[in-house]
Amino acid sequence: MTKVSGFIKQEHFKTILSNGKNEIIGDEPITNGGGDLGFSPSDLLCSALATCTCVTLRMYADRKQWKLAEVKAHISFTRNNEKNISNIKREIELSGDLTPEQRERLLQIANQCFIHKTLTNPIEIETKLAWQNI
560 MTKVSGFIKQ EHFKTILSNG KNEIIGDEPI TNGGGDLGFS PSDLLCSALA TCTCVTLRMY
620 ADRKQWKLAE VKAHISFTRN NEKNISNIKR EIELSGDLTP EQRERLLQIA NQCFIHKTLT
680 NPIEIETKLA WQNI
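Under our numbering, residues 560 to 693 are what the sequence shown spells out, in order.
Hints are not guaranteed to be accurate.
Pairs of lysine-lysine residues, derived as DSS-like cross-links and limited to a Cα-Cα distance of at most 27 angstroms, are as follows [to be verified]:
1) 648 with 631
2) 562 with 573
3) 676 with 631
4) 580 with 631
If you are wondering where the hints come from, they were derived from the structure by calculation, not from laboratory data. Bear in mind the structure is a predicted one, so any value in this text is a computation, not a measurement.
Sequences are here, hints too, so could you generate the full structure?
So this is what it looks like as structure tokens:
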């Protein structure tokens with residue numbers, strides 16, 4: 560199970576995110592009233608897919624002992640609120656001494672990464688309030 564906590568105080572809209580070991584900052588751009596001190600929520604979503612893609616391809620190539628020197632995953636996210644549609648585009652750059660067949664296989668493997676599978680299947684989000692006595 561993955562757990563991440565976020566907290567925000569008075570600084571618009573700086574949010575500290577922690578997994579219990581590491582911290583990062585989430586924020587909104589200045590144009591949205593934030594301080595642009597960290598990744599926006601959309602940036603974080605794209606980051607999850609980029610990280611998972613790179614890690615999955617690295618693991619697969621290492622296991623196969625393929626000469627993959629570098630993976631770059633470029634992710635873009637757009638949202639059409641009128642149509643209630645989100646669009647994610649992913650472009651993958653592979654560097655190294657790879658055959659066309661290996662490159663094609665790595666493209667197929669990219670679609671097997673955990674975050675890709677999560678984003679392309681139904682997602683249920685359960686939300687509740689945690690009450691604290693102050």
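Evaluated hints:
no.	hint	verdict
1	648 with 631	14 angstroms, holds
2	562 with 573	19 angstroms, holds
3	676 with 631	19 angstroms, holds
4	580 with 631	26 angstroms, holds
Checked against the numbered hints given earlier, the structure satisfies every one of them.
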